[in-house]
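Given only the sequences and the hints, what does the whole structure look like? Please build it.
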Amino acid sequence: MNLFELTRALVDIDSTTGHEKSVADYLFAHLLPLAAKYGAHLDRQSAEPGRDNLFLPFGDPHVTLSTHMDTVPPFFSSREDSTHIHGRGSCDAKGIIAAMITAAESLLAGGTRNFALLFVVGEERSSIGAITAAASPRGSRFLINGEPTENQLALGSKGALRYELVSRGKLAHSAYPQLGHSAIHSLLDALQEIRAFPLPSDPVLGPSTLNVGTISGGRAPNVIADEARSEIMFRLVGDPASTRAAVARIAATFKIEAREVLFCPAVHLSPLLDLPTTVVAFTTDIPSFDGSWGQPFLIGPGSIHVAHTAEERIPKSELTSAVDIYARMVRQLLTTGAPPA
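In terms of my numbering, the sequence shown is residues 1 to 341.
Treat each hint with caution, since some may be false.
What the hints assert, rightly or not - Simulated pairs of lysine-lysine, DSS-like, Cα-Cα distance not exceeding 30 Å:
1. Lys21 - Lys37
2. Lys21 - Lys316
3. Lys170 - Lys255
4. Lys37 - Lys316
Hints listed in this document are in silico derivations from the structure and should not be mistaken for laboratory results.
Since we're looking at a predicted model, the values are computed, not measured.
Right under this line is the structure:
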């Protein structure tokens, strides 16, 4: 099965987060002959019942190629034209899985050993797969993490801080608002303040940003709302302390609840070889590995701008180039390691 065929086969398996079993089973069966050919042991590592990471080392795993098997919803199957493969997960990150496997086959055929493949579950939600892998390190000194960066090596990625905001009010007839208290009004006032306070900036990663992702609440146009909710996410580039303090202060002022749902720190990364570089605003599994699988690098084919969309696709040219890039990185890291930061 060639690179494009494997990409399409993976895309055609629904592996929405929490439902990775089918794609893990497929990959396990696909990788078993490769493991047997080179005397390697293919390991399933349980992150949760029915949700397994896959780990395949060839010798001592000094360098690990890793990405995730899950995708965001909704699932839609693959199609192909002369320049792209389309479908959910084509660039995030099933094309990357295919490129890493193809790179591994090339490295092994050329006599290279002491590297590994690691495919994890749950990156799109909680990073449970990476967290599970971090608890069982295998001696890897370098981690090449695959995400769609258009084959540019990321020098850093922004962090994430997510809150659920809940406002409570008092029901009343909307003709007599003085008899109630609008939870929606309080929530909107709090959101206005949250949008206004300054956020940290970084010379490499750029400015932090805020997205008000969801707002819900109320019962009817003629009823004063007794509850309203919002989910917000900061993409942070610095210490979260000032942002957390500001959210807590505003929540107290407007008497709303602010529950922190997720925190993922920003990361700074290193260059390697002559690869072009970029900075990304999205979060990855790298913070959840917490250095346990070695110094991280972040690179992969495809554009984040079409990931998670109905137009998700991956250029065939970038897929092909990624195979060579991953192989070069593995050889470089095995031979001389990473340059000083």
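For the pair we were handed, Lys170 and Lys255, check the Cα-Cα distance against 30 Å. holds, 13 Å
Measure nothing beyond the straight line between the CA atoms of Lys21 and Lys316; if it is 30 Å or shorter, mark the hint as holding. holds, 27 Å
Lys37 and Lys316: Cα distance at most 30 Å? It holds: about 28 Å lies between the C-alpha atoms, which stays within 30 Å.
With a cut-off of 30 Å on the C-alpha distance, tell me whether Lys21 and Lys37 pass. holds, 25 Å
Of the hints listed earlier, there is not a single one the structure fails to meet.
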